Amino acid sequence: MSETPIEALDLGVRAYNSLKRAGYGTIGDLAEAIAGGTEISKIRNCGSKSCREIMEKLFLYQYSALPQEKRAKYILEVVQMNAAKQK
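Per the numbering used here, the sequence shown starts with residue 1, numbered consecutively.
Please note: incorrect hints may appear among the correct ones.
[What the hints assert, rightly or not] No more than 27 Å apart at the CA atoms, straight line, and that leaves these computed lysine-lysine pairs for BS3-like:
| no. | residue 1 | residue 2 |
| --- | --- | --- |
| 1 | Lys57 | Lys85 |
| 2 | Lys42 | Lys85 |
| 3 | Lys85 | Lys20 |
| 4 | Lys20 | Lys49 |
| 5 | Lys49 | Lys85 |
| 6 | Lys70 | Lys57 |
| 7 | Lys20 | Lys57 |
| 8 | Lys85 | Lys73 |
| 9 | Lys42 | Lys70 |
| 10 | Lys57 | Lys42 |
| 11 | Lys70 | Lys85 |
| 12 | Lys57 | Lys73 |
[Claimed, not checked] Pair by pair, the computed Cβ-Cβ distance ranges are:
| no. | residue 1 | residue 2 | range |
| --- | --- | --- | --- |
| 13 | Ser48 | Thr26 | 32 to 38 Å |
| 14 | Asn45 | Leu66 | 27 to 33 Å |
| 15 | Ala35 | Ala8 | 15 to 21 Å |
Read the hints as simulated data drawn from the structure, not as lab findings. A quick note: this is a predicted structure, and the numbers were derived from the prediction, not measured. A virtual CB, placed ideally from N, CA and C, is assigned to each residue, including glycine.
Using the sequences provided together with the hints, build the complete structure.
Shown next as structure tokens:
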């Protein structure tokens, strides 16, 4: 996953171009940045719709790459992370 190009996310043009201009070439780069606290909403030309699209497609990509037995745990971790951000 870490070396998979962001093209694999099949993003819309605006979301894709925003990530490319910001220097994200792989899904691993993007996932590490988000895990490290980078807010993609701060990326130039990345509005709320593009941010939502990026996060949804990244979630689905990571979810589909997991073995069946690890998927429930992954969903729980994402929900907890989102809840913590909203506090």
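- Broken hints, numbered, in rising order? When the structure is compared with the hints, numbers 9, 13 turn out to be violated.
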